[in-house]
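**Q** Each chain, letter by letter, is given below.
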Amino acid sequence: DTGVSQDPRHKITKRGQNVTFRCDPISEHNRLYWYRQTLGQGPEFLTYFQNEAQLEKSRLLSDRFSAERPKGSFSTLEIQRTEQGDSAMYLCASSPPRDKNTEAFFGQGTRLTVV
Amino acid sequence: GEDVEQSLFLSVREGDSSVINCTYTDSSSTYLYWYKQEPGAGLQLLTYIFSNMDMKQDQRLTVLLNKKDKHLSLRIADTQTGDSAIYFCAESIRTGGFKTIFGAGTRLFVKA
Numbered sequence: 001d002t003g004v005s006q007d008p009r010h011k012i013t014k015r016g017q018n019v020t021f022r023c024d025p026i027s028e029h030n031r032l033y034w035y036r037q038t039l040g041q042g043p044e045f046l047t048y049f050q051n052e053a054q055l056e057k058s059r060l061l062s063d064r065f066s067a068e069r070p071k072g073s074f075s076t077l078e079i080q081r082t083e084q085g086d087s088a089m090y091l092c093a094s095s096p097p098r099d100k101n102t103e104a105f106f107g108q109g110t111r112l113t114v115v
Numbered sequence: 001g002e003d004v005e006q007s008l009f010l011s012v013r014e015g016d017s018s019v020i021n022c023t024y025t026d027s028s029s030t031y032l033y034w035y036k037q038e039p040g041a042g043l044q045l046l047t048y049i050f051s052n053m054d055m056k057q058d059q060r061l062t063v064l065l066n067k068k069d070k071h072l073s074l075r076i077a078d079t080q081t082g083d084s085a086i087y088f089c090a091e092s093i094r095t096g097g098f099k100t101i102f103g104a105g106t107r108l109f110v111k112a
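First to last, the sequence lines map onto chains A and B. For the first sequence, position 32 (counting from the first letter as 1) is numbered 32 according to the numbering used here, and the numbering increases by one without interruption. For the second sequence, position 13 (counting from the first letter as 1) is numbered 13 according to the numbering used here, and the numbering increases by one without interruption.
Just so you know, the hints here were simulated from the structure itself, not pulled from any lab data. From the three backbone atoms N, C-alpha and C, an ideal C-beta is built for every residue, glycine too. Be aware that one or more of the hints could be misleading.
[Said to hold, decoys possible] Quick list of simulated restraints, FRET-style, between CB atoms:
| id | chain 1 | residue 1 | chain 2 | residue 2 | range |
| --- | --- | --- | --- | --- | --- |
| 1 | B | Asp3 | A | Pro70 | 30 to 38 Å |
| 2 | B | Asp3 | A | Gln84 | 25 to 33 Å |
| 3 | A | Glu83 | B | Phe109 | 30 to 38 Å |
| 4 | B | Ala41 | A | Lys71 | 25 to 33 Å |
| 5 | B | Lys67 | A | Asp63 | 32 to 40 Å |
| 6 | A | Gln41 | B | Asn52 | 25 to 33 Å |
| 7 | A | Ser58 | B | Ala41 | 22 to 30 Å |
| 8 | A | Glu103 | B | Thr23 | 18 to 26 Å |
[What the hints assert, rightly or not] Straight line, CA to CA, 35 Å or less: simulated DSBU-like cross-link-like pairs of lysine-lysine:
| id | chain 1 | residue 1 | chain 2 | residue 2 |
| --- | --- | --- | --- | --- |
| 9 | B | Lys68 | B | Lys36 |
| 10 | B | Lys68 | A | Lys57 |
| 11 | A | Lys57 | B | Lys67 |
| 12 | A | Lys57 | B | Lys56 |
| 13 | B | Lys36 | A | Lys11 |
| 14 | A | Lys57 | B | Lys36 |
| 15 | B | Lys36 | A | Lys14 |
| 16 | B | Lys70 | A | Lys57 |
Kindly produce the complete structure, drawing on both the sequences and the hints.
**A** Set out below in structure tokens:
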């Protein structure tokens, strides 16, 4: 296990299509986060899972966005009816139980381009 | 509110010290972080400081935290061209869940 893995690395889609991204966290990391980063900005928090429970959702996560972590391991982020404004880098991060370490490890991200 | 602000650019000469500043607004921050992002690469955690500390040193990096003023700084001693990158200040806050708020990033240019 070499780190947080995200798939795909790049996705180009037509406006109105649905897309799904996958994140595989580091083994035994029970906390998983999704962020969105647009050009020239820092990452914006989208949502947070502890095991399979989604504990926090940003208001940025409109009803077109949904995230799941069904078995407390990998997570998926789906965007329905994509819009050009959804074009961004989608970052996933994971971290171990809080009593062990606070560091969140980031994946390389999925770059989404909506045309 | 939740907001992290930092200056957008910093240019230094190789060998000088770099100081990147950051202010945050949420007094419930537990940890404060500095991340580094190089072109085309992911985010790399450089260092972090717990909110009840005021200073942390790690080799060439020194983090200073003024909790009263909600001000965080990162000093890089003997800055090298390889330090050229975007540096993000971030705070973690507990609001039922656990999330990290990032600043927009400071672009550090190191001139040889």
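**Q** Is the gap between the beta carbons of Asp3 of chain B and Gln84 of chain A within 25 to 33 Å?
**A** holds (26 Å)
**Q** Run the distance test for Lys70 of chain B versus Lys57 of chain A: straight-line Cα separation, threshold 35 Å.
**A** Within the cut-off at roughly 25 Å; holds.
**Q** So does Asp3 of chain B sit 30 to 38 Å from Pro70 of chain A, Cβ to Cβ?
**A** holds (34 Å)
**Q** Does the Cβ-Cβ separation between Ala41 of chain B and Lys71 of chain A fall within 25 to 33 Å?
**A** holds (30 Å)
**Q** Taking 35 Å as the top limit, are the C-alpha atoms of Lys57 of chain A and Lys56 of chain B close enough?
**A** At roughly 32 Å apart (the allowed maximum being 35 Å), Lys56 of chain B and Lys57 of chain A satisfy the hint.
**Q** Are Lys57 of chain A and Lys36 of chain B close enough, with their CA atoms no more than 35 Å apart?
**A** At roughly 25 Å apart (the allowed maximum being 35 Å), Lys36 of chain B and Lys57 of chain A satisfy the hint.
**Q** Compare the distance between the alpha carbons of Lys57 of chain A and Lys67 of chain B with 35 Å, and conclude whether the hinted pair is satisfied.
**A** holds (27 Å)
**Q** Given the hinted pair Lys36 of chain B and Lys14 of chain A, is their Cα-Cα distance within 35 Å?
**A** Satisfied, since the Cα-Cα distance of roughly 32 Å is no more than 35 Å.
**Q** Quick check: does the Cβ-Cβ distance between Gln41 of chain A and Asn52 of chain B fall within 25 to 33 Å?
**A** Holds, at about 30 Å.
**Q** Need the status of pair Lys68 of chain B, Lys36 of chain B: alpha-carbon distance at most 35 Å?
**A** holds (26 Å)
**Q** Evaluate the given range 18 to 26 Å for the C-beta pair formed by Glu103 of chain A and Thr23 of chain B.
**A** holds (23 Å)
**Q** Keeping to a limit of 35 Å between CA atoms, is the pair of Lys68 of chain B and Lys57 of chain A held or broken?
**A** Given pair Lys68 of chain B, Lys57 of chain A holds - Cα atoms ~29 Å apart, limit 35 Å.
In terms of the numbered hints stated before, the structure departs from none.
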